[in-house]
Amino acid sequence: DFETGAAAEGLLYTYEATPRGTLFAGQVDIDDERFPKLAQEARQRVESGLALACAVGIGAMVTRGFGRMDFALIK
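Per the working numbering, the very first residue in the sequence shown carries number 1; after that it's consecutive.
None of these hints come from the bench; they were simulated from the model. Any given hint could turn out to be false.
As the list claims (entries may be wrong) - Computed Cβ-Cβ distance ranges for the label pairs, DEER-style:
no., residue 1, residue 2, range
1, G65, E33, 39 to 45 Å
2, T14, R34, 44 to 50 Å
3, D31, G67, 18 to 24 Å
4, L52, L12, 29 to 35 Å
C-beta atoms are modelled at their ideal positions from N, C-alpha and C, and glycine is treated no differently.
Input sequences plus hints: build the corresponding full structure.
Next up, the structure:
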């Protein structure tokens, strides 16, 4: 129960975790040729956001060791 902070009667909460070492891939395309200044700013923001996610974790239960990640930037 979000109002009381106690478990609500009759409810069960579960979670799933991906195995340690699981790899996820993604791609961000930035148009360097048409908008070089915006492209540089966008690149910096993406890199900063990913670095922050690595520092604080993502998802639930990060204070219990879940949500840790690393990222590699491939140009």
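Structure-based check of each hint:
A hinted range of 39 to 45 Å for the beta carbons of G65 and E33 is consistent with their spacing of about 43 Å. One distance hint, 44 to 50 Å for the beta-carbon pair T14 and R34, holds here, with the actual separation near 47 Å. Restraint check, D31 to G67: a C-beta distance of roughly 32 Å breaks the suggested window 18 to 24 Å. Between L52 and L12 the beta carbons are some 33 Å apart, a value that agrees with the proposed interval 29 to 35 Å.
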